[in-house]
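Colleague: Sequence order for the protein chains is A and B.
Residue 30 in this note's numbering sits at position 30 of the first sequence, and the numbers go up by one each step.
In this note's numbering, each residue carries its 1-based index in the second sequence increased by 272.
Treat the hints as calculated values from the structure; they're not laboratory data.
All of these numbers come straight from a predicted model, not from anything done at the bench.
Among the hints, erroneous ones may be present.
[Said to hold, decoys possible] With a straight-line cut-off of 27 Å between C-alpha atoms, the simulated DSSO-like cross-links for lysine-lysine are: (1) B:K325 to A:K210; (2) B:K325 to A:K249; (3) A:K249 to B:K358; (4) A:K79 to B:K477; (5) B:K477 to A:K149.
[To be verified] Calculated Cβ distances over 10 Å to all of chain B for the following chain A residues: (6) K3; (7) I10; (8) R43.
Yeah, the Cβ is synthetic: ideal placement off N, Cα and C, and Gly gets one too.
Residue strings, one per chain:
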Amino acid sequence: MAKEIFIGEIVSNEEIQKEFFLMKVKLDLSFDDPQPGQFIMIRIAGLNDPFLSRPISIYSFSRGKNYCTIELLYRVAGKGTRVLAGLIKSSQVEINGPLGGSFEIKADKKQIIFIAGGIGIAPLSLLAKQLYRSGCSSKESMSFYLGAKTADAIVGLDKLQKLCYNINVRTDDGSFGRKGLVTEAFQKDMKKYSATDTMIYACGPKAMVKALSKILTGTKFHCQASLEERMACGTGACVGCAVGIKDNKGNLTYKRVCADGPVFDIRQIVWE
Amino acid sequence: MKKNVNLAVAIGSLKIKNPVMTASGTFGYGEEYAGYVDLNKLGAIVVKGLSLKPRLGNPPPRIMETAGGMLNAVGLQNIGVEAFIKEKLPYLKNFDVAVIANIYGETYAEYSKVAARLSSVKGLHALEVNVSCPNVQKGGLSFGCDPRAAAEVTRRVKGETSLPVIVKLTPNVTDIAVIAAAVEKAGADAVSLINTLTGMSVDLKTRTPHLKNITGGLSGPAIKPVALRMVWQVVQRVSIPVIGIGGIMTPEDALEFLIAGAKAVQIGTANFINPRATMDVIDGITNYLMENKIRDIKDVIGTLRT
Ligand SMILES: Cc1cc2nc3c(=O)[nH]c(=O)nc-3n(C[C@H](O)[C@H](O)[C@H](O)COP(=O)(O)OP(=O)(O)OC[C@H]3O[C@@H](n4cnc5c(N)ncnc54)[C@H](O)[C@@H]3O)c2cc1C
Ligand SMILES: Cc1cc2nc3c(=O)[nH]c(=O)nc-3n(C[C@H](O)[C@H](O)[C@H](O)COP(=O)(O)O)c2cc1C
Ligand code: FES
Numbered sequence: 001m002a003k004e005i006f007i008g009e010i011v012s013n014e015e016i017q018k019e020f021f022l023m024k025v026k027l028d029l030s031f032d033d034p035q036p037g038q039f040i041m042i043r044i045a046g047l048n049d050p051f052l053s054r055p056i057s058i059y060s061f062s063r064g065k066n067y068c069t070i071e072l073l074y075r076v077a078g079k080g081t082r083v084l085a086g087l088i089k090s091s092q093v094e095i096n097g098p099l100g101g102s103f104e105i106k107a108d109k110k111q112i113i114f115i116a117g118g119i120g121i122a123p124l125s126l127l128a129k130q131l132y133r134s135g136c137s138s139k140e141s142m143s144f145y146l147g148a149k150t151a152d153a154i155v156g157l158d159k160l161q162k163l164c165y166n167i168n169v170r171t172d173d174g175s176f177g178r179k180g181l182v183t184e185a186f187q188k189d190m191k192k193y194s195a196t197d198t199m200i201y202a203c204g205p206k207a208m209v210k211a212l213s214k215i216l217t218g219t220k221f222h223c224q225a226s227l228e229e230r231m232a233c234g235t236g237a238c239v240g241c242a243v244g245i246k247d248n249k250g251n252l253t254y255k256r257v258c259a260d261g262p263v264f265d266i267r268q269i270v271w272e
Numbered sequence: 273m274k275k276n277v278n279l280a281v282a283i284g285s286l287k288i289k290n291p292v293m294t295a296s297g298t299f300g301y302g303e304e305y306a307g308y309v310d311l312n313k314l315g316a317i318v319v320k321g322l323s324l325k326p327r328l329g330n331p332p333p334r335i336m337e338t339a340g341g342m343l344n345a346v347g348l349q350n351i352g353v354e355a356f357i358k359e360k361l362p363y364l365k366n367f368d369v370a371v372i373a374n375i376y377g378e379t380y381a382e383y384s385k386v387a388a389r390l391s392s393v394k395g396l397h398a399l400e401v402n403v404s405c406p407n408v409q410k411g412g413l414s415f416g417c418d419p420r421a422a423a424e425v426t427r428r429v430k431g432e433t434s435l436p437v438i439v440k441l442t443p444n445v446t447d448i449a450v451i452a453a454a455v456e457k458a459g460a461d462a463v464s465l466i467n468t469l470t471g472m473s474v475d476l477k478t479r480t481p482h483l484k485n486i487t488g489g490l491s492g493p494a495i496k497p498v499a500l501r502m503v504w505q506v507v508q509r510v511s512i513p514v515i516g517i518g519g520i521m522t523p524e525d526a527l528e529f530l531i532a533g534a535k536a537v538q539i540g541t542a543n544f545i546n547p548r549a550t551m552d553v554i555d556g557i558t559n560y561l562m563e564n565k566i567r568d569i570k571d572v573i574g575t576l577r578t
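Given the sequences, and given the hints that come with them, work out the whole structure.
Modeller: Pasting the structure below:
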């Protein structure tokens with residue numbers, strides 16, 4: 001399968017909330033249909049600073065007659081994302097993707113739970129949409145737990161409301177939803193769900209995924225978590241994006257978030 | 273039209289169709305980029321550094337972007353020589369391209385063993401001996417910092433193989449030409465340089481190093497002028513072929529190294545941001561030759577006027 005670096009044309013790049021942007025990019029039809037959890041590496045051609053491409057999840061995708069469109073939902077975290085935020089309509093970006101593996105869809109699970117921290121909502125949103133559209137899961141069977149520091153960091157909720165019946169929001173300061181951690185919200189509800197009939201999908205900051213992994217220890221819940229690590233190549237060549245993962249003998253190995261992940265079984269993640 | 277120019281070069285007894293190779297550790301085992309580039313078109317593929325036993329590598333975070341480059345402390349994570357032979361080499365044999373195994377050891381004996389094992393299989397065209405990795409914390413200096421140790425590694429490897437031996441030098445020394453001369457005397461068929469320059473970077477928020485390993489190897493365009501200077505110094509000192517590495521992003525960068533006297537170049541970090549960098553460099557060199565009505569790349573190599 002021939003792969004290429006796509007030259008994407010920005011259709012829009014709006015600040016939907018302070019420091020949060022939604023970028024719509026037009027791509028050639030040869031761009032593969034992305035699976036939920038997959039990401040792209042994005043970069044501005046010719047720039048030496050920031051030098052490396054940045055990994056961003058695919059938030060939505062549509063295939064038209066003459067071109068494909070992807071949407072990226074991103075937070076301005078530093079230099080690279082700030083440069084992206086400054087791009088105007090019709091600017092060009094270099095895009096490599098879709099990259100990485102995707103969330104595994106388990107048709108036998110009756111209950112679907114999403115747990116997202118902040119911008120972690122992006123890949124989970126695409127997943128929820130796909131589950132809903134494909135008829136795998138009904139609105140009633142999908143619950144979304146979303147957490148963020150403050151109300152300012154809650155994005156993408158409107159879209160979810162059309163897909164999930166039950167949405168729980170937590171903020172650290174109580175400025176939106178209830179005050180507290182998203183993992184605590186899930187923990188409180190945990191007994192309502194049958195562990196063997198439930199599939200949990202998580203994406204968020206390391207601290208959130210780690211807390212969730214603790215909560216799930218000793219339970220029978222199956223949980224897949226999407227991890228983040230700094231990346232250089234995004235294609236598995238540099239081994240820079242390593243994360244500690246237990247192999248089947250329980251020994252520590254380092255796996256590549258870009259090529260072996262970004263989605264891992266939460267029980268296999270080694271927390272250091 | 274492109275047939276009018278000759279890009280073929282020889283690195284000792286190793287003949288390659290053009291002077292553009294991939295740099296070790298930046299192109300995986302070839303597979304990772306096979307979808308993006310036609311591997312048959314490369315001068316050579318240098319695979320990720322191999323050790324006798326699989327190596328876990330350093331704990332994360334392992335990389336950090338810097339101005340015009342990046343730091344890495346991967347710690348030579350690799351699948352080990354046996355898994356390479358079983359799982360990776362058969363795939364590479366499908367291509368009409370020179371495959372160079374980059375090898376690494378922690379003792380002289382280990383270098384010997386890896387070299388011997390790789391020489392017993394078909395499908396490899398040369399060995400590149402990494403005497404320079406600054407990342408792995410193994411009591412003191414790397415072999416590449418001491419002319420005697422570098423020469424001894426070279427002798428040991430030469431003793432185990434009939435493949436051409438390229439010794440890859442570290443820039444983290446006072447005078448790289450001294451090391452180059454020492455390995456030439458010990459029998460090296462070629463030298464390649466430079467490996468990464470040791471560097472570091474600090475997170476202001478946490479006041480901790482960005483890399484778990486504290487220090488890492490700097491690569492990318494930021495190191496190109498240093499690499500070029502070192503290649504120039506080594507070319508003047510040795511008579512074996514020199515392979516230039518360091519920050520090559522464009523055909524123009526590659527040509528600078530060739531003009532300075534490198535017989536071939538390797539492309540590393542550039543692959544990360546442009547998986548087709550090697551192809552772009554080959555095409556650009558071809559165009560340069562055509563534009564300047566030069567028939568053979570050999571008429572460019574080592575033509576620096578000073
Ligand atoms: C598979 C994957 C999918 C991602 N999807 C999205 C997304 O949909 N939307 C979004 O806003 N962000 C996403 N990220 C995170 C995004 O890549 C980083 O925020 C971005 O690279 C930061 O670059 P910067 O130059 O703006 O910040 P920098 O100045 O490089 O860093 C700012 C802060 O972000 C941290 N950081 C840097 N790179 C990463 C990284 N790759 N992953 C996590 N933290 C990082 C740094 O350690 C630092 O604390 C994703 C990351 C991965 C690995
Ligand atoms: C992520 C990474 C891994 C590397 N691994 C190896 C290695 O295993 N063996 C080796 O000899 N050099 C290794 N190198 C060094 C490169 O081969 C090359 O010498 C160096 O990066 C300078 O070239 P560049 O600026 O084009 O990247 C590595 C470099 C990077 C960036
Ligand atoms: S970013 Fe290079 S291996 Fe994952």
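Colleague: Compare the structure with each hint and give your call.
Modeller: A quick look at each hint next to the structure:
This hinted pair does not check out: K325 (chain B) and K210 (chain A) have alpha carbons roughly 32 Å apart, beyond 27 Å. For the given pair, K325 (chain B) sits about 18 Å from K249 (chain A) by alpha-carbon distance, which is consistent with the 27 Å threshold. Note on K249 (chain A) and K358 (chain B): the hinted pairing holds, with a Cα-Cα distance of about 22 Å set against a maximum of 27 Å. Taking the CA atoms of K79 (chain A) and K477 (chain B), the gap is near 15 Å; set against the 27 Å cutoff, the hint holds.
Annotation: proposed proximity of K477 (chain B) to K149 (chain A) holds, straight-line Cα distance about 18 Å (limit 27 Å). A Cβ of chain B approaches the Cβ of K3 (chain A) within 10 Å, the least distance being about 4 Å, so the stated non-interface status is violated. With a cut of 10 Å on Cβ distances, I10 (chain A) stays outside the contact zone with chain B, its closest approach being about 19 Å. Distance check for R43 (chain A) against chain B: the nearest CB is about 6 Å away, which does not clear 10 Å, and the non-interface claim fails.
In this structure, the earlier hints numbered 1, 6 and 8 are contradicted, and the remaining ones agree with it.
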